[in-house]
Amino acid sequence: MSSIDYFQLLKLAGPEAVLALAALAVLAVDLIWMREAPIRQRQGAGAFVSILGCLGAGLCALQMPGFGSFANGMLVIDPLTLLLKGALLVLTVFTVLLSVDRDFTEHVGEFFALILLATVGMMLLVSSEDLLMIFVSLELTSLSLYILTAFQKRSALSAEAALKYFLFGGMAAAFLLFGLSLLYGLSGSTHLGGIAEGLVGKENDPLLIVALAMTVIGFGFKIAVVPFHLWAPDTYQGAPLASAAFVASGSKVASFFVLAKVMMLGFAGVHGDAGWRHLIAGWAPLLAVLALLSMLLGNLVAIVQGNVRRLLAYSAIAHSGYALLGVMSNSGEGMASLVYYTVTYGLTTLGAFGVVALVEERTGSASLSSFAGLGRRSPILGLSMMVFMLSLAGIPPLAGFFGKFYLFVGAIRTGSPNIGLVWLVVVAIAMSAVSLYYYLQVLKQIYVTEESAATVDVTGETNIVTCCAVGALAVLVVLLGCFPNLLVGPVLAATGSAGL
Amino acid sequence: MTTEYDPYLFLAVFLGIALVFPLAPLGLARLWAVLYSNNKPGPIKNATYECGLESKGDARVQFRSDYYLYGIVFLIFDVEALFLLPFAVAFTGLPMGAIVAMLVFLLLLVEGLVWAWKKGVLSWT
Chain A
0 MSSIDYFQLL
10 KLAGPEAVLA
20 LAALAVLAVD
30 LIWMREAPIR
40 QRQGAGAFVS
50 ILGCLGAGLC
60 ALQMPGFGSF
70 ANGMLVIDPL
80 TLLLKGALLV
90 LTVFTVLLSV
100 DRDFTEHVGE
110 FFALILLATV
120 GMMLLVSSED
130 LLMIFVSLEL
140 TSLSLYILTA
150 FQKRSALSAE
160 AALKYFLFGG
170 MAAAFLLFGL
180 SLLYGLSGST
190 HLGGIAEGLV
200 GKENDPLLIV
210 ALAMTVIGFG
220 FKIAVVPFHL
230 WAPDTYQGAP
240 LASAAFVASG
250 SKVASFFVLA
260 KVMMLGFAGV
270 HGDAGWRHLI
280 AGWAPLLAVL
290 ALLSMLLGNL
300 VAIVQGNVRR
310 LLAYSAIAHS
320 GYALLGVMSN
330 SGEGMASLVY
340 YTVTYGLTTL
350 GAFGVVALVE
360 ERTGSASLSS
370 FAGLGRRSPI
380 LGLSMMVFML
390 SLAGIPPLAG
400 FFGKFYLFVG
410 AIRTGSPNIG
420 LVWLVVVAIA
430 MSAVSLYYYL
440 QVLKQIYVTE
450 ESAATVDVTG
460 ETNIVTCCAV
470 GALAVLVVLL
480 GCFPNLLVGP
490 VLAATGSAGL
Chain B
0 MTTEYDPYLF
10 LAVFLGIALV
20 FPLAPLGLAR
30 LWAVLYSNNK
40 PGPIKNATYE
50 CGLESKGDAR
60 VQFRSDYYLY
70 GIVFLIFDVE
80 ALFLLPFAVA
90 FTGLPMGAIV
100 AMLVFLLLLV
110 EGLVWAWKKG
120 VLSWT
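Residue numbers (numbering that gives the first Met the number 0), protein chains in the order written: chain A, 0 to 499; chain B, 0 to 124.
Mixed in with the good hints, there may be bad ones.
Across the chosen pairs, the derived CB separations fall in these ranges [stated by the list, open to error]:
# : chain 1 : residue 1 : chain 2 : residue 2 : range
1 : B       : L18       : A       : I428      : 21 to 29 angstroms
2 : A       : K152      : B       : G26       : 54 to 62 angstroms
3 : B       : G26       : A       : L278      : 32 to 40 angstroms
4 : B       : D77       : A       : G268      : 41 to 49 angstroms
Rather than coming from a laboratory, the hints here were simulated on the basis of the structure.
Every residue, glycine too, gets a C-beta built ideally from N, C-alpha and C.
Chain A with its partners taken away, still in its complex shape:
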């Protein structure tokens, strides 16, 4: 009987354990001491404990040894996964800040506990190289996110959004599980490295094609690429704001990272080639098709959206298309550009959702016209929104520009004999130009359109915490754009040492 060293496990999974404890603590604090308190105080206490938990987990991650592996890749610690965990914790802290002083639920403790549990799932997701563990942590994340989406019980939209998200997600999980089981059957291993070894010599097996397609469908849903994107607009529109922001940021970062890992490590021998007139069957052409469709449909449909939340959803679909280029690069550089891109995208979209939250509270809707005159009403918010929108469009010197630049350079440099992925990069750049149009539509409302009666302040109070969070995010986006090496340096060092 092989015995497991539980103390080693506890040491390697320290950050996750701290976060899980924090989730229980949030529940306990809310239920035992804060029951009778007004809802704002309960939210403050919940957010405080959650942020303490994130800080604790971050400190715990700093204390970790640089490398470690538990039970044959079930839990892998290296500088890259530690970096990803840190980024996820930062995104979680901002999500928690966005949900403070927001009147959407009376189950405060549960909301924060679920955010923390989803974060635990994401952190396990990025640090696992074993199919079983990947699936279990993906489900932990997804289940928490479904509930978070349904949290606004008084709103029918929220229930509809959650139901759509849940049904699509359940189907996608079934596909993923089927694909993974075929993969195990073919290779005889659940460890990503073992799978790559087991697949040698079976490149033309029809079962492998089925397994690959099923796996891509399963992950394609999580990252919302066309044609698996249908849940995204409704979920972004109907979910409580903090949940939508979390679905758009943290879960995207974790899912993209694990997709890249499964493709680059697990399907290492069946990369194929997506070069222009140089197609070779494998996962690269498959992802190339998804990326192409996402960039085209996401950007073109975003143009006609009148609701900023839906606009952000379609822009998220388009950004998933760009980010797939990083996966297709299939190199350490591609991985580094993917990490930089998804993390900065997460920060930017969190900030944009923060502004949407403040506008929604003021005017009662997230339609484009309710942004009219925001630049004059509150200059700082208008400026922040400008930073986020221009960064999403990819204007220098903001983080979005460098992220895209880095992605595209990585894709062009990828080792195809001909001009390689240049055709896809050309499409991506053209579509970025298209996207500038609808991002500028939002800015036009903010700076040019006159304030109308519909946008007059109805509440008269501003949410200080959200304002501060939005400001901090805007500063971060500018900072990471001007000095990309702040993030790229550590990421490159980490990918180098992780052997990618």
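Following the hints, put chain B in place on chain A, whose structure we already have.
Structure of chain B alone, referenced to chain A:
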């Protein structure tokens, strides 16, 4: 003479047997009915069941939603028992770490119960 071993041949044979096994008695019964018995329907013969009560009303009645919460809380402890039994059987041979892990698992379930209790799930109102 040696024939090559084909794993799919078994499946084909099994498929054949699986089809013949239920279809043969059904076909024989049908044949018997056509040849030897004549058709005499009656109210009793046409009843849904030969014994038991005739059902009344609609099957779609409303349950109290509280019932589902009870069901879910019960399910937690049902699953817990599933893990506790092997734990109890192997208890003497377990290392310290395994016992700590099991206690953590129990703690999580207890926290779930306390949460449900505090939320008032267990009181019918």
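Now the hints, each set against the structure:
1. B:L18 with A:I428: 21 to 29 angstroms: For I428 (chain A) against L18 (chain B), whose Cβ atoms are near 60 angstroms apart, the range 21 to 29 angstroms is violated.
2. A:K152 with B:G26: 54 to 62 angstroms: holds (57 angstroms)
3. B:G26 with A:L278: 32 to 40 angstroms: Check failed, 53 angstroms falls outside 32 to 40 angstroms.
4. B:D77 with A:G268: 41 to 49 angstroms: holds (44 angstroms)
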